[in-house]
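Participant: Heads up: the sequence lines are chains W and L, in that order.
Residue numbers for the first sequence follow my numbering, so the first one is 4 and each next one is one higher.
Residue numbers for the second sequence follow my numbering, so the first one is 4 and each next one is one higher.
Worth flagging that the hints you see were computed from the coordinates, not collected in a lab.
It should be emphasised that the depicted structure is a prediction, and the values quoted were computed from it without experimental measurement.
Mixed in with the good hints, there may be bad ones.
[What the hints assert, rightly or not] Taking lysine-lysine pairs in the DSBU-like style, the calculated list, with each CA pair at most 35 angstroms apart, reads:
#1 L:K95 with W:K233
#2 L:K304 with W:K226
#3 L:K50 with W:K113
#4 L:K95 with W:K18
Protein chains: 2
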Amino acid sequence: MSEINILGEAYKKAKHKVPGHGPRNVQVLKDALIDIDGEMESEMYGKGNVIDDFQEKMAKYLGKESAVFFPSGTMAQQIALRIWCDQKGIKKVAYHPLSHLEIHEEDGLKELHHIETILLADKDSVIQLEDVAGITEDIACLLLELPQREIGGQLPEYKTLEDISAYCKEKGIKLHLDGARLFEILPYYQKSAEEVCSLFDSVYVSFYKGIGGIAGAILAGDKAFTEESKVWKRRHGGDLISFYPYIVSADYYFDHRVGKMNQYYQETKEFAQGFNQCYGVSTKPLEPVSNMFHVHFEAPKEEMEEILASIYEETGIGLTSYVREVTKTTSYYEVSIGDLYAQLPKEDVKKVFQMLDEKMRSIKTL
Amino acid sequence: MSEINILGEAYKKAKHKVPGHGPRNVQVLKDALIDIDGEMESEMYGKGNVIDDFQEKMAKYLGKESAVFFPSGTMAQQIALRIWCDQKGIKKVAYHPLSHLEIHEEDGLKELHHIETILLADKDSVIQLEDVAGITEDIACLLLELPQREIGGQLPEYKTLEDISAYCKEKGIKLHLDGARLFEILPYYQKSAEEVCSLFDSVYVSFYKGIGGIAGAILAGDKAFTEESKVWKRRHGGDLISFYPYIVSADYYFDHRVGKMNQYYQETKEFAQGFNQCYGVSTKPLEPVSNMFHVHFEAPKEEMEEILASIYEETGIGLTSYVREVTKTTSYYEVSIGDLYAQLPKEDVKKVFQMLDEKMRSIKTL
Numbered sequence: 004m005s006e007i008n009i010l011g012e013a014y015k016k017a018k019h020k021v022p023g024h025g026p027r028n029v030q031v032l033k034d035a036l037i038d039i040d041g042e043m044e045s046e047m048y049g050k051g052n053v054i055d056d057f058q059e060k061m062a063k064y065l066g067k068e069s070a071v072f073f074p075s076g077t078m079a080q081q082i083a084l085r086i087w088c089d090q091k092g093i094k095k096v097a098y099h100p101l102s103h104l105e106i107h108e109e110d111g112l113k114e115l116h117h118i119e120t121i122l123l124a125d126k127d128s129v130i131q132l133e134d135v136a137g138i139t140e141d142i143a144c145l146l147l148e149l150p151q152r153e154i155g156g157q158l159p160e161y162k163t164l165e166d167i168s169a170y171c172k173e174k175g176i177k178l179h180l181d182g183a184r185l186f187e188i189l190p191y192y193q194k195s196a197e198e199v200c201s202l203f204d205s206v207y208v209s210f211y212k213g214i215g216g217i218a219g220a221i222l223a224g225d226k227a228f229t230e231e232s233k234v235w236k237r238r239h240g241g242d243l244i245s246f247y248p249y250i251v252s253a254d255y256y257f258d259h260r261v262g263k264m265n266q267y268y269q270e271t272k273e274f275a276q277g278f279n280q281c282y283g284v285s286t287k288p289l290e291p292v293s294n295m296f297h298v299h300f301e302a303p304k305e306e307m308e309e310i311l312a313s314i315y316e317e318t319g320i321g322l323t324s325y326v327r328e329v330t331k332t333t334s335y336y337e338v339s340i341g342d343l344y345a346q347l348p349k350e351d352v353k354k355v356f357q358m359l360d361e362k363m364r365s366i367k368t369l
Numbered sequence: 004m005s006e007i008n009i010l011g012e013a014y015k016k017a018k019h020k021v022p023g024h025g026p027r028n029v030q031v032l033k034d035a036l037i038d039i040d041g042e043m044e045s046e047m048y049g050k051g052n053v054i055d056d057f058q059e060k061m062a063k064y065l066g067k068e069s070a071v072f073f074p075s076g077t078m079a080q081q082i083a084l085r086i087w088c089d090q091k092g093i094k095k096v097a098y099h100p101l102s103h104l105e106i107h108e109e110d111g112l113k114e115l116h117h118i119e120t121i122l123l124a125d126k127d128s129v130i131q132l133e134d135v136a137g138i139t140e141d142i143a144c145l146l147l148e149l150p151q152r153e154i155g156g157q158l159p160e161y162k163t164l165e166d167i168s169a170y171c172k173e174k175g176i177k178l179h180l181d182g183a184r185l186f187e188i189l190p191y192y193q194k195s196a197e198e199v200c201s202l203f204d205s206v207y208v209s210f211y212k213g214i215g216g217i218a219g220a221i222l223a224g225d226k227a228f229t230e231e232s233k234v235w236k237r238r239h240g241g242d243l244i245s246f247y248p249y250i251v252s253a254d255y256y257f258d259h260r261v262g263k264m265n266q267y268y269q270e271t272k273e274f275a276q277g278f279n280q281c282y283g284v285s286t287k288p289l290e291p292v293s294n295m296f297h298v299h300f301e302a303p304k305e306e307m308e309e310i311l312a313s314i315y316e317e318t319g320i321g322l323t324s325y326v327r328e329v330t331k332t333t334s335y336y337e338v339s340i341g342d343l344y345a346q347l348p349k350e351d352v353k354k355v356f357q358m359l360d361e362k363m364r365s366i367k368t369l
């Protein structure tokens with residue numbers, strides 16, 4: 004099956020990579036530790052300065068009363084939904100059909116918490132107020148993922164968020180934010196994290212997407228909520244004796260990158276334009292609203308792998324290590340922009356788009 | 004409440020500490036990283052050399068077909084029991100009344116997996132064959148914790164383990180090893196890890212007890228079992244993108260300390276003798292069978308805190324930062340021996356026991 008790896012191999016060899024902040028290697032941890040005193044004490048099972056300080060810092064940043072560090076968003080979000088369900092005595096929640104909980108968690112929410120789900124909106128659209136208002140059953144919580152990652156990172160209008168928030172408050176439905184990429188959308192909304200989070204009862208954020216840390220998440224809300232989340236964290240096996248390797252790096256890269264989200268956003272829009280000028284290529288969303296988008300090709304996966312590999316070899320620019328099939332004749336991949344983009348030789352990027360346009364035009368089937 | 008901290012403060016100030024390998028601080032991580040190339044790639048969601056290699060190494064060491072890295076024993080063991088329950092179609096397991104699952108996990112096994120438990124043996128004794136043979140209901144799995152930590156780290160005779168294993172095999176009951184301190188008991192049994200593990204269908208070991216790593220666990224068994232455990236790991240929110248900070252340190256300290264378990268065991272026996280020569284003091288077990296034991300005082304917690312604090316001040320030796328109440332007139336603390344013990348000035352340790360004996364004799368109530 005050597006053919007399958009054409010693209011992956013070409014990507015590996017490419018002198019410049021486009022996505023992210025650089026390789027996910029041990030240096031990421033070493034860099035975060037350089038200025039940390041070896042005598043700094045580990046926290047112990049959620050107690051101690053290193054975790055307390057970071058939780059307080061994040062609670063303040065998100066404008067919530069309290070915040071708890073979790074090993075993963077998967078754990079944090081199942082627990083958030085469980086708490087809201089228990090509080091209301093209704094084991095039912097609503098979210099998007101392509102929510103992380105629905106497609107990436109082996110049905111943990113159902114298997115472990117026995118929570119039923121209502122899928123809102125068409126899978127290619129973001130959730131609108133009408134979708135929420137159209138729910139005919141009683142639910143404990145609505146989860147909104149901002150941006151909706153699996154459809155290229157799309158966002159509703161901010162007004163829609165405000166309306167949904169007001170509607171949920173009126174109906175006694177808790178509103179939870181899947182903010183895996185919350186930092187990344189603030190420049191588009193031109194809002195602070197605190198402003199966005201004020202629309203939600205509970206919030207999860209991640210530290211290894213735009214922030215580029217190693218792993219880990221924060222779950223924030225009022226104190227009663229976060230205290231209950233700690234009990235569930237222990238039940239899930241997530242109350243580790245020491246999280247400091249993750250916390251120290253989350254804190255380090257948060258400080259380094261949270262201020263660069265507008266730069267990533269502007270670069271992402273610029274990069275998307277390049278694709279949209281190519282024949283048979285378009286981005287979703289057409290104009291990105293964060294540091295991510297999907298590139299859709301009107302050509303089959305295998306053909307695109309060959310085309311892209313040849314472009315990497317010629318230009319030294321590696322766009323992606325994979326392409327996924329959409330239909331037999333179309334394919335896509337996901338872009339997320341970080342520190343690496345600013346270092347790309349712009350002339351070579353221009354050449355990438357020239358070559359891509361030419362090669363797409365030369366495909367007979369188009 | 005300043006009085007409460009007398010012992011903790013004296014312990015902090017003590018020049019030499021007895022328990023463990025040293026402070027749980029960031030230096031523990033830094034030391035483990037020194038020889039690791041910064042270009043070493045992180046694993047991604049359970050896939051990659053750093054996790055594959057360690058899992059293979061541990062599977063081999065434990066004599067099992069396959070091994071999976073977990074963030075915690077809490078997660079690994081709930082999942083092990085769930086898999087065995089699902090396989091047999093019976094949601095019932097048996098373990099000791101002071102099992103970690105029963106007293107330290109906020110009932111995760113019951114709350115998340117809805118598994119019923121049967122508590123075997125008196126809480127002050129280890130489980131014997133008769134206890135297992137006396138179970139009148141059908142169970143999917145028996146969990147044995149070796150050593151039984153909450154009663155000072157006691158062990159059954161090895162013959163008992165063999166008999167229980169044979170009995171379970173005959174009855175179609177899966178046998179799971181809570182081996183949080185498995186490495187630590189091998190010198191007493193004079194068996195290899197592989198030999199002990201061959202008696203069990205599934206095994207969990209920890210890397211931050213005797214090994215002294217940062218956090219993390221291994222769950223081992225046959226391939227079908229470990230593959231299923233990965234699905235549940237994801238459901239629990241334990242399938243992190245990167246575990247390498249834990250894995251690299253687990254591997255490093257495993258290599259450094261797994262060969263020192265006999266040294267710790269011999270030192271532990273020597274140390275326990277010192278306590279047992281003191282008036283009103285005894286250890287449980289009387290002769291330790293691992294690197295741990297409990298020290299029981301025939302004096303109330305508050306009185307012992309004052310006595311111990313004065314001993315630390317006089318000798319510079321810190322024994323423990325806490326004492327726990329057993330009854331109004333008795334108390335105890337837990338000892339676990341690691342690298343620090345060999346560095347203690349033996350004359351000062353002798354003085355500790357002389358002072359302890361004198362002070363215990365001078366208590367009027369004894």
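Participant: If you check each hint against the structure, which ones fail?
Facilitator: Hint check: 4 fails alone, others pass.
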